[in-house]
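K.L.:
Sequence:
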Amino acid sequence: MRLEEKTKYPEVWEIYRLNLSHFLDDSLTIFGTQSLQQEIYLWENRREQSVRYRLTALRERNNQFLDEGLRRTQMQHELRLTWALSPKVTSQTELKLNREDRIFDSAGRNDRLVRSRQAEVELSYRPRPALEVANRLGAAFDRDLHETFDRPSLRAQALFLRPRVAYALRGRGRLQGEIEWVSVSAEPAGQVLPYELAKGNREGTTWRW
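One point on numbering: in our numbering, the residue at position 96 of the sequence shown is 96, and numbering is uninterrupted.
Hint data in this document are derived by calculation from the structure and do not stem from the laboratory. Backbone N, C-alpha and C define an ideal beta-carbon position, used for all residues, glycine too. A portion of the hints provided could be inaccurate.
Here are the simulated SDA-like cross-link-like pairs (lysine to any residue), alpha carbons at most 20 Å apart as the crow flies [as the list claims (entries may be wrong)]:
no. : residue 1 : residue 2
1   : K96       : Q76
2   : K6        : S21
3   : K6        : L24
4   : K199      : H77
5   : K199      : K88
6   : K199      : L113
7   : K199      : R99
8   : K88       : L36
9   : K96       : G108
10  : K88       : L24
11  : K199      : L137
Pair by pair, the computed Cβ-Cβ distance ranges are [to be verified]:
no. : residue 1 : residue 2 : range
12  : N45       : L95       : 16 to 24 Å
13  : E48       : S21       : 44 to 52 Å
14  : E147      : S185      : 41 to 49 Å
15  : G173      : M75       : 36 to 44 Å
16  : I103      : L42       : 34 to 42 Å
17  : R47       : R115      : 30 to 38 Å
Start from the sequences, fold in the hints, and give me the full structure.
P.N.:
Structure (structure tokens):
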């Protein structure tokens, strides 16, 4: 659990003694975060297979800089399955379910009500210990439920493919090269997508290397 509070509250001792009723105050908090992260493992130390579930819950209040007047809440569930298919081939599957609200007190800032589902699968092949050849395939299905009179709610779908090759130099570091292909579609089309949607990618096709 993590607590962070930067405040103008005059009774500082109430903050030091963790009196939570004085945290995340709309008028006195400059910046504050309350977050909880819990992980549950199955077969944590087994190379052949492992399962990890992670829960992240967050509340945040920001009254400084560009995010002044921001109230943010998040609830995220993550599931990761690692499976050794053979001594040289390993697969890793990750599933994420995320709910994030970003609400501003003042007009002129766009609120966000993000609902996200993501899935990624990676296959890794090591013909010898120093060399790894891998490929990651993923998809994201995101929505921003916030609507205004001139902007409807948004839907975005992203598909990506990311092959990579890595070679370890004994005692000298590691060489790695990768290329990524991302395809994003949105509904309605032609809108500027918030950074929280489609993993920060713009609508259309993008290449990175």
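K.L.:
Next, verify each hint and record whether it holds.
P.N.:
Comparing the hints with the structure gives:
1. In summary, the hint linking K96 to Q76 is supported, as the alpha carbons are separated by about 7 Å, within the 20 Å threshold.
2. Taken as a hint, the K6 and S21 pair is honoured in the structure, with Cα atoms around 14 Å apart against an allowance of 20 Å.
3. Distance restraint check for K6 and L24: the Cα-Cα separation of roughly 9 Å lies within the 20 Å cut-off, and the hinted pair is therefore satisfied.
4. With a C-alpha separation of about 16 Å, the suggested pair K199 and H77 falls inside the 20 Å cut-off, and the hint holds.
5. Only pairs whose Cα atoms come within 20 Å are accepted, and K199 paired with K88 is rejected, the gap being roughly 31 Å.
6. At roughly 15 Å between alpha-carbon atoms, K199 and L113 fall within 20 Å of each other, so this suggested pair holds.
7. Of the pairs offered as hints, the one joining K199 and R99 holds, with about 14 Å between alpha carbons and a cut-off of 20 Å not exceeded.
8. Between K88 and L36 the CA atoms are separated by roughly 37 Å; this puts the pair beyond 20 Å, and the hint is violated.
9. Simply put, K96 and G108 have alpha-carbon atoms about 31 Å apart, too far for the 20 Å limit, and the pair is violated.
10. For the hint pairing K88 with L24, the CA-to-CA distance comes to about 50 Å; that exceeds 20 Å, so the pair is violated.
11. At roughly 14 Å between alpha-carbon atoms, K199 and L137 fall within 20 Å of each other, so this suggested pair holds.
12. Between N45 and L95 the beta carbons are some 22 Å apart, a value that agrees with the proposed interval 16 to 24 Å.
13. The given range of 44 to 52 Å is respected by E48 and S21, whose C-beta atoms sit roughly 49 Å from each other.
14. With their beta carbons about 20 Å apart, E147 and S185 fall outside the hinted range of 41 to 49 Å.
15. Here the CB-CB span from G173 to M75 is close to 39 Å, well matched to the stated 36 to 44 Å.
16. A hinted range of 34 to 42 Å for the beta carbons of I103 and L42 is consistent with their spacing of about 37 Å.
17. Between R47 and R115 the C-beta distance comes to about 35 Å, which sits within the given range of 30 to 38 Å.
The structure fails to meet hints 5, 8, 9, 10 and 14 from the earlier list, while all remaining hints are met.
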